[in-house]
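Go ahead and model the full structure; you've got the sequences and the hints to work with.
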Amino acid sequence: MAPKLLLTFVIYRLISTVGLTLDPTDLLRLEVDGHLSVDPSDVKTASVDFGMMNRAEPLAVLHPSSAEDVARLVGAAYGSAHGLSVSARGHGHSINGQAQTSSGVVIEMSASKGVRQWGLPRVSEQSRYVDAWGGELWIDVLKTTLEHGLAPKSWTDYLYLSVGGTLSNAGISGQAFNHGPQISNVYELDVVTGKGELLTCSEEQNSELFHAVLGGLGQFGIITRARIGLEPAPQRVRWIRVLYSNFSTFTKDQEYLISLHGQPPNQKFDYVEGFVIVDEGLINNWRSSFFSPRNPVKISSFGTNGGVLYCLEITKNYHESTADTIDQDVEALLKRLDFIPSSVFTTDLPYVDFLDRVHKAELKLRSKGLWDVPHPWLNLFVPRSRIADFDEGVFKGILGNKTSGPILIYPMNKNKWDDRTSVVTPEEDVFYLVALLRSALDSGDEAQSLEYLSNQNRQILRFCDDAGIKVKQYLPHYTTQEDWVDHFGDDKWTLFSKRKMDFDPRRILATGQRIFKPMAASSW
1 MAPKLLLTFV
11 IYRLISTVGL
21 TLDPTDLLRL
31 EVDGHLSVDP
41 SDVKTASVDF
51 GMMNRAEPLA
61 VLHPSSAEDV
71 ARLVGAAYGS
81 AHGLSVSARG
91 HGHSINGQAQ
101 TSSGVVIEMS
111 ASKGVRQWGL
121 PRVSEQSRYV
131 DAWGGELWID
141 VLKTTLEHGL
151 APKSWTDYLY
161 LSVGGTLSNA
171 GISGQAFNHG
181 PQISNVYELD
191 VVTGKGELLT
201 CSEEQNSELF
211 HAVLGGLGQF
221 GIITRARIGL
231 EPAPQRVRWI
241 RVLYSNFSTF
251 TKDQEYLISL
261 HGQPPNQKFD
271 YVEGFVIVDE
281 GLINNWRSSF
291 FSPRNPVKIS
301 SFGTNGGVLY
311 CLEITKNYHE
321 STADTIDQDV
331 EALLKRLDFI
341 PSSVFTTDLP
351 YVDFLDRVHK
361 AELKLRSKGL
371 WDVPHPWLNL
381 FVPRSRIADF
391 DEGVFKGILG
401 NKTSGPILIY
411 PMNKNKWDDR
421 TSVVTPEEDV
431 FYLVALLRSA
441 LDSGDEAQSL
451 EYLSNQNRQI
461 LRFCDDAGIK
471 VKQYLPHYTT
481 QEDWVDHFGD
491 DKWTLFSKRK
501 MDFDPRRILA
511 TGQRIFKPMA
521 ASSW
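Residues in the sequence shown are numbered from 1 upward in steps of one, following full-length UniProt numbering.
The set of hints was computed from the structure by calculation and includes no laboratory data.
Fair warning: there could be bad hints in the mix.
Unchecked claim - Using 25 Å as the maximum straight-line C-alpha spacing, the simulated SDA-like pairs for lysine to any residue come out as follows:
hint	residue 1	residue 2
1	K44	L441
2	K498	H487
3	K153	P264
Unchecked claim - Per label pair, the in silico range of CB-to-CB distance:
hint	residue 1	residue 2	range
4	D338	D418	32 to 38 Å
5	E125	S454	45 to 51 Å
6	L495	R462	25 to 31 Å
7	T45	L370	17 to 23 Å
8	K44	R366	17 to 23 Å
9	L495	S202	17 to 23 Å
10	D490	R366	40 to 46 Å
11	S454	H148	41 to 47 Å
12	G468	S367	41 to 47 Å
13	D491	M519	21 to 27 Å
It should be emphasised that the depicted structure is a prediction, and the values quoted were computed from it without experimental measurement.
Glycine included, every Cβ here is placed at the ideal spot set by N, Cα and C.
What follows is the structure, encoded as structure tokens:
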């Protein structure tokens, strides 16, 4: 250990042993090529996230310039005697403070543009992959790969998220039925373990670490580089939305479309999602801005059952050279579906504009001061066999006719997911994502308040438990280890715990997830 680094943690031990408060400036002695900051503005930024429901101020914030900087910090924390924790923060898009820590250092991965001097992102056209820094935003990865006519295969709906952040969860969107989640499209990783070791891992090399980190909620290591598979990038997208008033017809069509994942490109759609519309305002909200304000859609005009509509959202990718066949391909696919005939809404746009559609709506909300508000989101994987019960109990029951945000719903094929990773999904061949993406507003309307929406989330989870609907949380949040064990199930929890002991034995990483107690901590 370098002399200055050793001195830093000798001081840390002495101060902690006699019961005094650690002076964060002592951390500045850590020798890194980047910048270790105790600036109040850095600390404040690292203490909040997109959810805006939790706050925890770190002792310091590291802006690394390389993977070696990350390894030095984690190694120092691992060698300290009093449980200095380390949390990696990407774009800060977590909901419940998962990237926060009040007893250590937050590593600001997305702000580390200095890594570009190391040649990342780097594209291999011949092998069709891109090497990306763990803190790189997906929008910047896309811009780089498009220069080579290539693009990643699987996405999230929002591109201003970090590579390491989404791979630590799964990374899902409407392409997951075909290509699997983002974690199913990773060839190789560089990871800093909880021991401060910088290791390369893949299916062939350090495979246990590789599978542990993918979907591992940051528990086993910090992703500093990911090698991601690419495909030829389309130029344009035909974007279609059709409406349903019958839930079983809606899900039947969705499940039919994802069953075509092995068909030739012209015989399947490239993206399959959907959302639930339970009030007039929702259909033209930020997530649903596809519909023209000059031609608003009225639920009442479609004779809905119980005031609920279901929207199927599908796309077909194409090149300008094949534009003459896109109409017939789309028409042939739509003929097999049973939507409301008068409800077809279509638009055509560049591929990049489709992928970046949510960001454009974000900018509008920011201009109105409606983005930086609490987000009590709830994301669930629901087994196919119980999705109709969920519809009756939640969409037509608990939610009433007010939601304060979009409700996404779409199915995925389990055979596109690798059970060796740390992600937990229902034990059925097909399962649905149901994402309640609500925003809490101080508008005077109780149904938009944080307390009301949080209570409603608890009510939904209680309903599923009472009804025996074995949902699994995506982007999970629990407050007791008993709940975490139930989430993983006995067998997967045993493996998850073993991997924790192997790769982060002092439990210093991602303590904001509240899965394991830090070694030196006596309570949560």
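Cross-check of the supplied hints:
Only pairs whose Cα atoms come within 25 Å are accepted, and K44 paired with L441 is accepted, the gap being roughly 22 Å. For the hint pairing K498 with H487, the CA-to-CA distance comes to about 16 Å; that is within 25 Å, so the pair holds. Proximity of K153 to P264 is assessed by CA-CA distance (about 16 Å); at most 25 Å being required, the pair is judged to hold. A C-beta distance of roughly 34 Å is found between D338 and D418, which places it inside the suggested range of 32 to 38 Å.
Judged by the Cβ atoms, the range 45 to 51 Å given for E125 and S454 holds: they are separated by roughly 48 Å. Remark: the range hint 25 to 31 Å for L495 to R462 is upheld by a beta-carbon distance near 29 Å. The hinted range of 17 to 23 Å is satisfied by T45 and L370, whose Cβ atoms lie roughly 20 Å apart. Roughly 19 Å separates the CB atoms of K44 and R366, a value that falls within the hinted 17 to 23 Å.
Take L495 and S202: their Cβ atoms lie about 19 Å apart, and the range 17 to 23 Å holds. For the hinted restraint 40 to 46 Å between D490 and R366, the CB-CB distance of approximately 45 Å keeps it satisfied. In this structure, S454 and H148 meet the distance hint of 41 to 47 Å, their C-beta atoms being roughly 45 Å apart. Judged by the Cβ atoms, the range 41 to 47 Å given for G468 and S367 holds: they are separated by roughly 45 Å.
Between D491 and M519 the beta carbons are some 25 Å apart, a value that agrees with the proposed interval 21 to 27 Å.
The structure is consistent with each of the numbered hints, conforming to all of them.
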